[in-house]
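Chains A and B, in that order, give the protein sequences. What the first sequence shows, in our numbering, is residues 1 to 777, in sequence order. What the second sequence shows, in our numbering, is residues 1001 to 1244, in sequence order.
Any given hint might turn out to be false.
[To be verified] Cross-link-like lysine to aspartate or glutamate pairs, in silico, DMTMM-like; alpha carbons within 20 Å at most: (1) A:514 with B:1139; (2) B:1074 with B:1005; (3) A:514 with B:1136; (4) A:471 with A:392; (5) B:1054 with B:1021; (6) B:1074 with B:1021.
If you are wondering where the hints come from, they were derived from the structure by calculation, not from laboratory data.
Here are the chains, one letter per residue:
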Amino acid sequence: MHLFLTYTIFGLVLGGVYGIAASGLVLTYNTSGIFNFAHGAEAMLGAFLYWEVRFNLHWPAPIALIAVLGVFGPLMGGFLYVAIMRGLRNTAEVTKIVVTVALMLGMLYLSQWVWNPVTPRTEQQFFGPRSNVHIFGAQVSTHELIALGVAVAIAVGLRLLFYRTRVGVAMRGAVDDPNLLELNGLNPQRLAALSWVMGAFLAVLAGILVTPISGGALEANALTLLIIDAFAAAMFGRLRSVPRTFVGALVLGLAANYVLAYFPKTWQWTSDFRISLPMIILFAVLIVLPQSRLRGAALRTRERAHLPTVRTAVLAGAALVAIVVLLRQLMVDSDVTTLTIGMCFAIIALSLTLLTGYAGEINLAAVSFGAIGTLIVFHLGIVGHGQAARTEVWAVVCGVATAAAVGGLIALPALRLRGLYLGLATMAFGVFLTDMILMDVNPHKLPLLHTKFSLFSSGAGIGSLIMPAIKVGPLDLHDGTTFLVSATVVFVLIGIGLIALRNSSYGRRLTAMKDSPAASATLGQNLVKLKLSVFMLSAAIAGLGGILMAQAYGSVTSDNFIIFISLSLMMLTVVFGIGYVSGALLGGVMSGVGFALVVATFNSLAEHHASFHGLYATLAHIAAVSPALIGIGVGRSPSGAVHDIIESYRPLRNARPVIVGGVALEALLYALALAGVLTNWWFAILTIALVLLLPVIGQMAAPAAFYAPEQLAEMRARVPIELQGIDTAYTPELRDALDRSLGIDTTASVGTGGNGGTGGNGDVVAAAPEGASRAPA
Amino acid sequence: MPLLETQGVTVRFGGNVAVDDVSLGVEPGVVTGLIGPNGAGKTTLFNVITGLQKPARGRVLLAGEDITALPPYKRAQRGLARTFQRLELFLSLSVRDNVRVAGDVRNASRHGRVNVDAEADRILELTGLTDVAERDVADIPTGRARVVELARALMTEPSVVLLDEPASGQTEQETRAFGELLTRLAGDGLAVCLVEHDVGLVMQVCSTITVLDYGAVIARGTPEEIRVDPAVIDAYLGTPEGVA
């Protein structure tokens, strides 16, 4: 009984804190329509800042609380809304998700920059660790009582706000009908800003409260994910109801503590299970949620994508293979492996092009399906030992099929629901997989076959899998160059396949579903079936990419599959263009190797040039944060960088000499790099500059390709206003036009101009203010 | 017996009764009109018939079969098609692909294949959209876009078509052509149910008209009867002089 009481109280406290975090999430989502994946990161930043001022700078607790909770939190929320979220109107759901995911990643990098993760930090409880109270014999700390009290106050306060105040009622309705709100004299933008301010406040509050009760150690990733657990609570309230959200939060808190109390301590997976519990519960809730209503909502979003023909795709694919072979000549062997890893990421990114770019559905854990494939291949298909070990192709086929099957199982409960839920379900799956399955290094015995195996360990070390390369007949991927070219060919084949698919009737049905699910269904489309098929296909592609990635690395640990890798891959793919196969290529290569390479280069520069250490170290930090900054900016260019580049190149079709010149210049650069005159970095920088500048050069060299003849004539004829009367004749019409634009009464000035003399001046002066006061009207 | 029938359909939104015990029959070969002021429940009734909205009470029958519990796509596969008052076009596709995709859906779901390209050509010709077929559907004016919705619906080879304010946004000329098209389609045996505020069009093409107000049926009859019905004049049409 004593045990029960103690854990019940702990459970209520934890649940209360979950509730505070989750209600902030619900609040922002309902009022601004943006599901804030950075909610946990906001909490994390708040907790770190609180630690900084309270325990590093030793401010008194009340002042520290006022500074962090009262000033920093609300300011952060308000700033995020004004600087970023306001610009997300008329964008697709995936763009909104990417922006907040980017924000989360950016905040994580930022915290690691400011607070070096190697240093341990502990946040103590309010009133110190020895301030305790006894309730019916159970010992509870003052901090925990405060947390519980605050949670109750927040729950009651939000309830009153939403049902008793005009602003609160309006906030509930803001997403459903912003226009109606405007008609009633309320400003939906201001309400959304308010919701971000309140959301950030609640996140920071939860962050400060939760750290001491879950051990006290501040760790950025764990803290961010801990608040993600609150997603599960928000799901109880269907992301709408605050009271239900609090009930869900209490269920979560209690369940976690009862598992701790009553599950056998000797079970090694008990603690893994406890950590994964919120994700498991999130899944269970998804299954029982009623089907979302199909609502007509075909809005023209700002995302666009041009669709290439299969012929263009084949040509581009051949060009890509040729380019990779040429680039290979410039690289040392270790770089070849790096590029191969990048290419494998690009294959995983293709799964997102299909799923999100073509079908409008969301998968936030693409790399996790790669982990499924990798596990299967590791346990089924490796023959030989040591250097001679190879992976068999049929095992890869099995791995890919399993990834597809698991994908189907994961997606099925969420497919009846709106896109965001599928995103959350996949994220829950990804976190569950790394927390639970990939942590499982204990030997098991299969029940009937009595075969011993352990899920995620091989001889080389606990928790890592040695993944030898594939061998098919004469093709042995053990050789780096062969692997790189093969991975590129696989990418190209899948890419061409996707473009052919998008051009087929299946692709049209996907697009129709993405544009208007309601219209699709009333034409006879079984949406669940179509979503399921495309999700499984995409999971299969991700599985294949993941298997190849694991082989390119040679050995993998659970760290290779954590959710943040999936999230940053997804973010960069959107940044480069989720609707394009080339967007997947660039996004995959950049997230697989690009930014890591830049950061590593700066760090090694910092090491070797001691005098510039500070500068290079800062540049390395900036490079680490940059993907997130780019991701946050995706709201401004939601179709992606590739789309913008293709748009800028479109007119160059009619300016062949410019294209030929560009290619010739690039060939020269390559020759210089091959000869060792240019280093690889210079080659890369000049190439990027050339690609970006060519359309600009084209515009200057061949304007006829960019503008219609009439436009061109008009441009030649146009003289800037300050040169009119100088480059052109000073005509009466021009004088009248100038008078009009200056607000001078033309008739008066003409009249006085005729008279001449001083009186005329007076008239003009008198007329001017009159005209000026008329002008604004 | 009507091809499509609702029996005592009632829909409540919270405390509001949006559709109140409405029974309606739609016969093949004619255009059935459904009119009433804004908020009378016309679109909600269409949503119930097509399965986008669950009724609190009542049944929907298609060719004698109770389809009340079927999901929208199964109703469509049984020959029910509709257009939307707030346009629901596939905005990243061309006009032709908007029509073709309806055929693709049909081929993917049923036995017996249709030649999508030839059928799309025929329907684009029939609805007079051939000149804009290759344009992005997002770039054409609302009046033409409404015709694209009809063309897309026809591509599913329906037995019943529900049209939700198809003439709004159309020019007078477009509306006239649209009315002729409807008459022709009905002449070929299609059952058409028309929700429309353009009373001229309704009176021109409909053989029977049902009038809704506050969710309930207040009148039913031929255009001539409806024109002079005091309840209808009071609730919707205004004085008879205003109608002509």
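Checked hints:
no., hint, in the structure
1, A:514 with B:1139, "18 Å, holds"
2, B:1074 with B:1005, "17 Å, holds"
3, A:514 with B:1136, "16 Å, holds"
4, A:471 with A:392, "6 Å, holds"
5, B:1054 with B:1021, "14 Å, holds"
6, B:1074 with B:1021, "24 Å, violated"
Comparing the model with each numbered hint stated earlier shows that hint 6 is the single one that does not hold.
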